[in-house]
Structures are given as C-alpha cells and as structure tokens.
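S.K.: Residue numbers for the sequence shown follow the UniProt record's numbering, beginning at 1 and rising by one.
Quick caveat, the hints were computed from the structure, so don't treat them as lab data.
Note that the structure is a prediction, hence the values are computed from the model and not measured.
The reader is advised that the hints may include incorrect statements.
Calculated lysine to aspartate or glutamate pairs in the EDC-like style (CA-CA distance at most 20 Å, straight line) [claimed, not checked]:
1) K79 / E98
2) K155 / E35
3) K148 / E35
4) K66 / D131
5) K148 / E10
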Amino acid sequence: MHTRTWPTREEWAAGAEDAVRTQCYPWQRVPESVEHYLTPAEVAERDQFDRDLSAATRPVVATEIKRLKATLPSARPTKVMEAFHWYEALDPQGQETEQRIQILERVRTALYHRARGIAADDRESVFSVPDMVTNQTELKRLDALNTKHSRLRDKAIEQALHEAIAREVAHRNSDEGWAAELERRARIDAYLTNGPIVHVR
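With the sequences and hints as input, model every part of the structure.
M.R.: What follows is the structure in structure tokens.
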C-alpha cells in the first residue's frame, strides 16, 4: 500500500506563489502576436518594413555569401559525410569562413520568407546583418516597433503573473479552496490504495 504525507492547510496555502510560478513559463500566460500589443497602424508599418528591408537586404547577403565562398579552396560537397570531411580539412580561417557562410545562408532563407510575408525564425532577420541593410532609417524604426512590442508584452507577462498569484493565494486561503484540495487528495489516496478503476463492458 502506498502512503503519502500531505502538507497542512497552512503549508499548502503558503505554497500558492511557488505553485503558480512553477505551473508554466511566465510568457505562456499571454499572447505572443504583435497584434495584441501594437496598434493596427503600427502592425502594418512593422510588417511593411520587415518585408521591404528583407527584400532589399537578401541580394546583399547573397553577394557576401558568394564572395566568402570564393575564398575557400573548393566548394562544399553536397553529401553529408563528404561535407564533414571537407570541413575538417579546412584550416582554421577556412572553417571560420564556412561557419559564417552557413549563418548567412540561414539568414538569406529567412529573408526570402520575410520578404513574402511568410513567418520565419525571429533569430534570423535583417537584425542578423544590420551592417548590410542600406536603409538604416527604416531599420531603426523597425527596431523601435519591435522594442515596443517586447516592452508591452513583458509588462503583460508581469501583470498576468501577478494576477495569477493573487487568485491562487485567495483560493488557497478560502474554505472552498481547502475543501476542493481535500477532495483532490482523497482521489489520489484512493488511487494509490486501490489502483485505477477499470470499466469492463
């Protein structure tokens, strides 16, 4: 028979905040989409800048990739194992160059998608290659909009967490909350004692 020692009512109530904080990641309590934090005009402006800057920057990235590839002794093989051995045979400078090429290739792909309004990894954008962006004014405006989105979302996360903690504290300090907790414990104890209930047809 399994037995379990449960915390007292006071101990259970004292654990309210910790229970909320460990229930999920704070950012999972709020929406992520910019539409929830920026005005429709700001969202449209942000999307337009992202598309335009991505479209304009992608050829610059492609040119840099071509330039870097020309400095390597040979082209990267297409087969995985051959590419691995090829990379291992490069000198340190060559390996560093190849690493840079691979990063830029991922950025180039992301810019292709962004230029067409297709969702892409936030880690790869025009901000991955800010020195290659020709329109720095639009880049700064896009950065300002992204910063506003992040700031407002962080504020919403903090507020949602604060409210969730307050609700749980109130719940655990109420007679109704304690009664519900006792019922939950009784179900768990019954399961540990008798095992799961199997319905036979």
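S.K.: Each hint: holds or not?
M.R.: Tested hints:
no.: 1; hint: K79 / E98; result: holds, 16 Å
no.: 2; hint: K155 / E35; result: holds, 15 Å
no.: 3; hint: K148 / E35; result: holds, 12 Å
no.: 4; hint: K66 / D131; result: holds, 17 Å
no.: 5; hint: K148 / E10; result: violated, 42 Å
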